[in-house]
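*Asks:* Top to bottom, those sequences are chains F and G. Taking this note's numbering, the leading residue of the first sequence gets 153, the next gets one more, and so forth. Taking this note's numbering, the leading residue of the second sequence gets 1305, the next gets one more, and so forth.
Quick caveat, the hints were computed from the structure, so don't treat them as lab data. On a predicted model such as this, the values are computed, not experimentally measured, just so you know. No residue lacks a Cβ here, since even glycine has one placed at the ideal position from N, Cα and C. Hints are not guaranteed to be accurate.
[What the hints assert, rightly or not] DEER-style ranges, computed between Cβ atoms: (1) L1492(G) <-> T273(F): 36 to 46 Å; (2) T407(F) <-> V1440(G): 51 to 61 Å; (3) A1665(G) <-> E201(F): 18 to 28 Å; (4) G228(F) <-> R1463(G): 30 to 40 Å; (5) G203(F) <-> D1403(G): 33 to 43 Å; (6) F1470(G) <-> T273(F): 20 to 30 Å; (7) E201(F) <-> L1469(G): 43 to 53 Å.
[To be verified] Chain F regions said to be covered by chain G (calculated; three or more residues, Cβ under 8 Å): (8) 213 to 221; (9) 264 to 273; (10) 329 to 341.
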Amino acid sequence: MIEAVDMPQKGSSIHLSVEDLYVRFGMQAVLEGVTFQIRRGEVFVVMGESGSGKSTLLKSLIGLVEPNSGKILFDGVNFWRASDHVRKTIMRRTGVLYQRGALWSSMTLAENVALPLEQFTELSRRDIRELVSLKLALVGLTGADDAYPSELSGGMLKRAGLARAMALDPKILFFDEPSAGLDPVNAKLLDDLILELCDSLGTTVVVVSHELDSIYAIADDAIFLDGKEKNIIDRGSPRSLLQTSQDTRVRAFLTRGGERTKGEL
Amino acid sequence: MTDNAFPHTERSGTGKTPEPIFRLRSSGDGIVVLAMEGAWTMGHTLFPQVVRGLDEFCRKNRVERLQFDTANLFAWDSRLITVLLRLEEACHKRGIVFDLTGLPDGVMRLVDLATARPPSEKVGETWESGFVVEVVGRGVFALLRDGLDFLDFLGRSTRASLKFLFGLSAFRKKDLWVLIRECGVQALHIVALVNLLVGLILAFVGAVQLQQFGAQIYVANLVTISMTREMAPIMTGIIMAGRTGAAYAAHLGTMNVNEEIDALHTLGLSQVEFLVVPRVMALVFMMPLLCLYADFMGIFGGMAVAVGMLDLPFRQFMDQAGIAFSFTNLGLGLFKSVLFGFLVAMSGCFRGLRSERSAAAVGIAATSAVVMATVAIIATDGVVAVLCNFMGI
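The whole structure should be built from the sequences, with the hints applied where relevant.
*Replies:* Okay, here's the thing in structure tokens:
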């Protein structure tokens, strides 16, 4: 059964902690000693240039790439050292929105959202159908239950992916480049949707992105990864980093190479 | 002051774009000026000679700085930039200062842009030409890795299949029915056609030989035994490898590209239970039925030749076929069809799940799934034939 949604106070405790994380592919090191914490209920953004290891970090956090060493702790439980059962339990409490939605193409939207509910709850068909309709309505896709992913636009695919990611009311949601490939209007709509849903449900949100508008709009806290250092080179809210960061790479990133002035924000 | 001209190509007299020409002249103090004239654009073959010309010039003269004179440069495109980059490399090796100031603005900016960033770090695996031993070694290791991965996949699939048989597997029943339809009913027409033709061919070939001894009635034995024991399972297996095995690999490969498999994994669902087992089961359930149908179609094809060409009465053919028919051969054929179905499904799923994330990789996965399944079918048939011989079947 789905657990009742408790409403944790934002920033009340550490939800996810990464300690001294090392990831290599063969001889190529991608992350070297990455350490940070994410507080419960906050929107945390992982920034960095292309090739800085953002996606690799995300894949380690969601269980797709096993790190060579280091710890990823969900509420204090070491994910990669936990038993298979515990790991799966943690995974079911997390939702992931992939860059292109990653909806199962042979299933309708309703079936996509229903699958996690069918597999991991003992709800009746009717209850599942109601929940599916609710999730689709929350992301503005009322009535699209029987559509197949191939029939949707990019923005709709992302919203449908979000509905599926939220199917089991996860405690933590991961987003991989949520605004990528969307026009500014749809990108803003998605950002607003993320904030609204997460505020309402008290979900912790981790976003990997290099879309500046989106980062400034949603982030409470952020880290900046650098491909050469293979580590975090700065941390803080993007707006405060813009004011205070001494690192030229961070400043260049946050000002789009110098175009953006503080007054424009 | 020396002045070396290299008019390797003559100016064309057609009045169209002038051919490129270069001249190297020394203006004293170790400064050499490369004068470029005409159109330095793609399609001309002069360019490799520029670097050779500079080399030649350097051997005869002291050169410390290379400058350019483009007053008579008629036209240029990115081909000129590539020549300049090669010249820059040559100058760098010889310790010559590469002075861009005489070049058009656009050329200077492009050269700056092309040389501004250090070369990217090596990404992915690169195959450098090396000793044959190295290439063979890499191939052998890749093969071993492939074999070990397949064994691991086989183990996980077997465990998941057992869970399926005990009703503990997580999968969608709807998917299983769709897969059964796709590899069952929808494959009937191609299985029918191919096996009908195989029966016809067998009967034709047999009839020509048997007629010489007046033993054409034994065409019925030939067709019945060979179809039920060997040809129907093998042909059905190969058809399904090309049809369904490739489709499995392409489908799973595309799911991989679209991160659909990652989405299953992050949900805590087993990709083997959810994707592989239904496919394996669908083929394992359907292959014996398809094989039975193939037996019938093959014998029917043989009968058509016997009755149509050899003037054997239908009744006589059927009686003889009845005598030749044995449940042992039929059972052996059906058993092999189950094995072949398993191999086709495993090959398709294994290659599909291991596919890399590009359109080309999905194509490669589909091709290698068919090759793998076909080789596995023939090899397994050989092993079963030897075992049957030992067991006297």
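*Asks:* It remains to establish, for every hint, whether it holds in the given structure.
*Replies:* Here is what the structure says about each hint:
| no. | hint | verdict |
| --- | --- | --- |
| 1 | L1492(G) <-> T273(F): 36 to 46 Å | holds, 39 Å |
| 2 | T407(F) <-> V1440(G): 51 to 61 Å | holds, 54 Å |
| 3 | A1665(G) <-> E201(F): 18 to 28 Å | holds, 26 Å |
| 4 | G228(F) <-> R1463(G): 30 to 40 Å | holds, 32 Å |
| 5 | G203(F) <-> D1403(G): 33 to 43 Å | holds, 34 Å |
| 6 | F1470(G) <-> T273(F): 20 to 30 Å | holds, 22 Å |
| 7 | E201(F) <-> L1469(G): 43 to 53 Å | holds, 51 Å |
| 8 | 213 to 221 | holds (count 3) |
| 9 | 264 to 273 | holds (count 5) |
| 10 | 329 to 341 | violated (count 0) |
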